[in-house]
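Listed below, chain by chain, are the residues.
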Amino acid sequence: MSNINFLKPDRTNLNTFLYLGSFLFFISILDVFLNSFFRLNLTGFLPNFLSFLLPLILGFVGLYFIRIEYSGIKNLDLLNKHINTNNFNAVLSLLIIFIIIKSLPPILSWFVIDASFAGDTKDVCTGSGACWTYIKVWMRRFMYGMYPNAEQWRINLSFVALVLLGSVGYFATDKFKKYLTLYYVVIYPLIAFLFIFFFISGGPVFFDFSYGIIAAILSIIIGFFIPSKFKFYYFLIVPLALYVILKYFLFFEEYIELGKLDGLNWVETGAWGGLSLTFIISFFCLIFCFPIGMAFALGRRSEFPLIRYISVGFIEFWRGVPLITVLFMSAVMFPMFLPEDFFIDKLVRAIIAISLFEAAYVAEVIRGGLQALPRGQYEAAKSLGMGYWKMHIFVILPQALKLVIPGIANTFLALVKDTPLIFVVGLLEIVGMLNLAKTNPKWLGFAMEGYVFAAIIFWIICYAMSKYSYNLEQKYKTDR
Amino acid sequence: MNFKLKDIVPQLITVLAVVLVFGFFTYNAQINMENRGIDFGYGFLSQESSFDVQFSLIEYDGSHSYFRAYLVGLLNTILVSVIGIIIATILGVIVGIARLSPNYLINKFAAFYVEFFRNIPLLLQIFFWYFAALRALPLPQDAEAMFGVFFLTIKGLYVPAFIWQNFNIFFYSIIAAVIAIIVIRAHAKKVQENQGKQIPVFLISIGLIFILPLLSFLIGGVRLSFEVPVLKQLATTSFIYEGGVSLPPELIALTLSLSLYTATFIAECVRAGIQGVGKGQKEAAASIGLTPNQVLKLVIMPQALRIIIPPTTNQYLNLTKNSSLAAAIAYPDLVLVFAGTALMQTGKAIEIVSITMFTYLTLSISISILMNWYNKKIAIQEK
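First to last, the sequence lines map onto chains P and U.
Final position of the first sequence in this note's numbering is 480; the numbers increase by one with none missing.
Final position of the second sequence in this note's numbering is 1383; the numbers increase by one with none missing.
Hints were generated in silico from the structure; no laboratory data involved.
Positions of the beta carbon are idealized from the N, C-alpha and C atoms, including for glycine.
Check each hint, because a few of them may be wrong.
What the hints assert, rightly or not - Facing chain P, a subset of chain U residues (Cβ under 10 Å, in silico):
hint, residue
1, Ala1098
2, Ser1101
3, Gln1165
4, Phe1167
5, Ile1169
6, Val1228
7, Ala1328
8, Ile1350
9, Tyr1360
10, Ile1365
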């Protein structure tokens, strides 16, 4: 047995160092563990300052001893490689282990052990832990807002139906795959729109905007069958004409009344709220901001200077102002800009404001994708005799959109995270409902539980979305 | 002819549509304002505001004008943004580097931090800190002092105030130190290029920035004393700290949540930037005999910064815009003071909202111009 130099651990005395180091390391962890879980202080006999630092010193010395390169023991090498590369890293690793051990007991006791789950009054919440009873009692309000309890099946049914209709793409056979884009861009949003305006609100189907929407959709569908020679003039004239015909000749006021379904009660949008409102707003803004953003992205790269300047102005304006001022604008300034008898629901106003705001961000993301495409793609498409629209629809956009999937997903994530801001216009989604519930005199003092609950829900939604977008990105990755 | 028409018609239609929409809005606005008896104009800015603001950096009370109230709000917004940007940058750079650490625990800890804070809406975080976390702090009379001088209570953070004598001399000494450092750096660079000698610029700089201000204390007659906050009883159960500087809980909650949230994005930018520098660069630099510090300073950082700066600028802009969420917890920023209270009092919706939006636009555009200039300066000069 050779001399042991404690300042230089080496392979010759491997076992000595290994046992000594592991022992010290183990002691330091045990000390912190007992301290935090059982409130035992092993080193209480030492002066305060030393007793506080002792685990760190012991652990550090222990890790120093077992830091032996190429020891030949697999686990030890892995440990050294991952958490014990040098002194600095060893200290940081120890600190992180200590923090985790220290913070586990209070978190566990607050969340589970001391928390109260049973009952449905405030009286059961006497422990020092969380009061999940509060969440349980207020669950319906957090999910549906002020929507009447008896009518909530309408929201559930609509969401289930929309999810089912949305998943059609997975089951479509190859024969129908080519119509999927049309389905998702035109038909699905329309169905969703009708569901929400017809079923959830129980109101009239035909309101002033729907003429324009119907006219636009009809003309786009017919437009597919128009020879490309006349397409330009067709889109110049037909949508407007269709709108005028629909509004002034076909649908009279009686039809508006007919659109109401007798069995359903009208629930005004002011009563909507909770998590379902978060979904409704995110869904609509997502649908609307994508085409608007795409149009402005194309406009920004247009050859026509006037269109380009207008697009740049639009994009830079919305990107330069905070969403909260945009919502302020939609709440107090927008009504001034409309005719006196013309009333737009505040939910619709909020959706328009958020859509325009997010459209500017989507436009920038898509522009990035358009710019990233090599010039050859444009030139190849043009040399095949494709016009502007054909080139973009069949060659450019499919490739550019693939490139920007992560960017778009980030924008949509930002959109979902921005929805709580609608408290500015007086709509209460889940965070707003929490703030309302917090001030209820019967349930004072449970702010923490509410916010933690909402944070968990949002975290799950956002994390799932970001992981899904990552998968999409991997799936559509094409090597060039 | 047909070809030219196709060029002009789309532009004309777009312009016509924009003009029509704007015209429609202005027309309606005029009619609406006439009906409600509101006149358009910015004259109200000089009127007496007659409302009070809790926290302001400049002297302000109800007798000042609306314009002064606007300034108060603007300064508060800038204060929160600047503090937030500084903390977020420091935190973001640390976390971003930690994400690249070979140490498994540090790496995962940083990843956990990033995934946790960026997937929760900012507004929720602000509410959490303000209504849940900071409300759990002790009352002023029960607060324990941190390091003997800081008091963290439910009514805010109390820190000692600096009381300077001859502050301007101290300030000039710092400026002199900065100028001297710049001159020495330029000289050192010249010496190195001409003679190949290296002057320890870093040590000299550190020495200068400490010694010159110290001299100003010894010779220039600068005096610094601290005013420590003292507990004072207002009524039997009501206590308050007097003296020192008090930071309201709104400001703390807002800066905390803004910087924690934005730091996650900055961390990702930093990580992407450092990863974006090819491994070969590092190896090449090491193989010509540069020390690890030099490799980082001369080879990795200049290239990584080029990738890091544009997205980080965007994050700074986002932070500035997100600071408007202050209105939700009643921190008197621009939106709350001006677009909230002032708008309620005057009813001048169009003027006030447009001023607010214009201010934010100016802030964003000026930051982006500054950063574009910097970006251009450090861009690769291709020959």
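So, against the hints stated earlier in the document, which numbers end up violated here? The structure conflicts with hints 3, 4, 5, 6, although it agrees with all the remaining ones.
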